[in-house]
Amino acid sequence: MSTEPALMTLTAVAKAIADKQLSSHEVTRACLHRIAQWQPHLNAFMAVEAEEALEAADAADAALAKGQISGPLHGVPLAHKDMYYEAGKVVTCGSLIRRDYVATTTSTALQRLKDAGTIRLGSLQMAEFAYGPTGHNSHYGPVHNPFVLDRVTGGSSSGSGSAVGARLTFAALGSDTGGSIRNPANFCGVTGLKTTCGLVSRAGAMPLSQSLDTVGPLARTAEDCALLLGLMAGADPEDPTTIGGPVPDYMAATRASLNGLRIGVPTAFYVDDLDAEVARILDETIALLKREGADIVKVELPDQRQLSSACQLVLAVEAAAFHKRWLIERPQDYGPQVLMRLQNGLAVPGVSYLEALRWRGAALAAHVAATAGVDALIAPVAPVPAPTIAESDVGNAPNAESVIQRLTRFTRPVNYLGLPALAIPCGFTAGGVPVGMQLIGRSFDESTLLTIGAAFQRATDFHDRVPALP
Amino acid sequence: MSKPDAKQIKAMADVAGMPVSAEVAERIANSIGPAFEGFAPIAGTLPFDLEPATFQFAQTTKASR
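Which chain is which? The protein sequence lines are R and Y, in order. As numbered in our numbering, the first sequence has no gaps in its residue numbers, which increase by one up to the final residue, 470. As numbered in our numbering, the second sequence has no gaps in its residue numbers, which increase by one up to the final residue, 65.
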């Protein structure tokens, strides 16, 4: 484990600050130094708030000197996807339309992290209105993959993936409606947790699809995701869709063994038409999990294409409905890709939309029955490694649409079923592009995913690899 | 379930108050069409009493090995 402050894990740096081995000022300055080095190459930040961050760090250090500690993340600097409202701060949502929008409330997820002691480094780039899987943004430019700069980061949490991968922030909030946490985690070599629908409050987070939106972290390790989830999860009166009850001890889950756990490998869909290097890394990951004590079994799943299609119908309509006023009044202010995606919702009749929603419970019940014999599934996040920014640029590359379609093929079914999924780094291509896998769990059983992810990371070092500054 | 064609989409967009050109309607038809095709085996087959809230029920149903 590195002792250079910016290269430490969230868990380690939080402990180092609490133990007064490092000051918040030192840690914040180390992050700002890396941001200054990397931002011209990555375009990962929407805004850097260096002066305010250092002032907050000094205040955190002064409080700690008096024995006052805010919480488990006292004095830890973080930055988040620029769609989490913070009162008094501009939140662009990656858009021109909200370029100058100042939030009047603070999102619950962000507030809970602030209450735990975090301080703000700035805000992170994202796909416009979180509606794009690559990392392109026609208003603010594409975000670059820290491991191979001409490759996409994945989206829509593009800045979150890039900044965590480059060690500019210890972790970042993302959001996942069709794969927007798992795709950037996969392509940027970091760990990303798509949470169960209803586990983490969405109050004060920019909406895209009320049925599918989920809030979750991108971080360097499963343990870091566990720490953040434990702070954010649980009922919120501001979001009546959240589920009550005690929050599990996710950190304890990361210390558990794989022995006795059964991991299912789908017999179809997720293993079809894989790029050769993705297939190799999937096989190697499965073999390692087996060596570490997991039982590996084949699982036949219901038709995943139907789930993916239902997800697209629901998302198209709900996104178009949220944006209707701006689609009428300000269509020229959308980027062309996002405008096209939003217009898709106009083509779905109300009856078709409701059919897609009505089927959701039955589809989940069928999935639960099919996976009753396993604790989790393993599958690639995407069938291919990160494509180049150029080849996935709609309007400038001839096959960009088909390239993009492949990126969300393996993620959308999970969103439709509302399940949790943990994306973990599992290898690199010969060209140095990170490749990850997703562990798909049972509803509200993030603990098992974190157990598997942490055990895998104890046995591997893919999550520890740091990209070299160009 | 049949997927809407460009002409139908143009009419639907007009009704929604967001008119689109014939060219845009054609593009939308090509883009969203595969989702209709993928969902076609389910469309029109759901039982009468099935409502969206069954999703929350299914979420909390425990599976046993």
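Please note: incorrect hints may appear among the correct ones.
Covered, in the sense of this in silico footprint (three residues per stretch, anywhere, with C-beta under 8 Å from a C-beta of chain Y), are these stretches of chain R [to be verified]:
#, stretch
1, 317–329
2, 351–358
3, 361–375
4, 446–454
Derived pair list, reagent style BS3-like, types lysine-lysine, alpha-carbon separation capped at 27 Å [as the list claims (entries may be wrong)]:
#, chain 1, residue 1, chain 2, residue 2
5, R, Lys-114, R, Lys-20
6, Y, Lys-3, R, Lys-114
7, R, Lys-114, R, Lys-66
8, R, Lys-324, Y, Lys-7
9, R, Lys-324, R, Lys-290
10, R, Lys-89, R, Lys-20
By construction, these hints were calculated from the structure, which means they are not laboratory data. Quick reminder that beta carbons are idealized off the backbone N, C-alpha and C, glycines included.
The hints, checked one at a time:
Only residues whose C-beta sits within less than 8 Å of a C-beta in chain Y count toward coverage, and the stretch 317–329 of chain R has 3 of them, enough to reach three; the restraint holds. Note: the stretch 351–358 of chain R has 6 residues with beta-carbon separation from chain Y under 8 Å; the three-residue rule is met and the coverage holds. With 9 residues bearing a CB less than 8 Å from a CB of chain Y, the stretch 361–375 of chain R meets the requirement of three and the coverage assertion stands. With 0 residues bearing a CB less than 8 Å from a CB of chain Y, the stretch 446–454 of chain R misses the requirement of three and the coverage assertion fails.
This hinted pair checks out: Lys-114 of chain R and Lys-20 of chain R have alpha carbons roughly 20 Å apart, not beyond 27 Å. Straight-line distance between C-alpha atoms of Lys-3 of chain Y and Lys-114 of chain R comes to about 47 Å, which puts the hinted pair past the 27 Å bound. Proximity of Lys-114 of chain R to Lys-66 of chain R is assessed by CA-CA distance (about 19 Å); at most 27 Å being required, the pair is judged to hold. Annotation: proposed proximity of Lys-324 of chain R to Lys-7 of chain Y holds, straight-line Cα distance about 21 Å (limit 27 Å).
As the CA atoms of Lys-324 of chain R and Lys-290 of chain R are separated by approximately 50 Å, the hinted pair breaks the 27 Å bound. Note on Lys-89 of chain R and Lys-20 of chain R: the hinted pairing is violated, with a Cα-Cα distance of about 30 Å set against a maximum of 27 Å.
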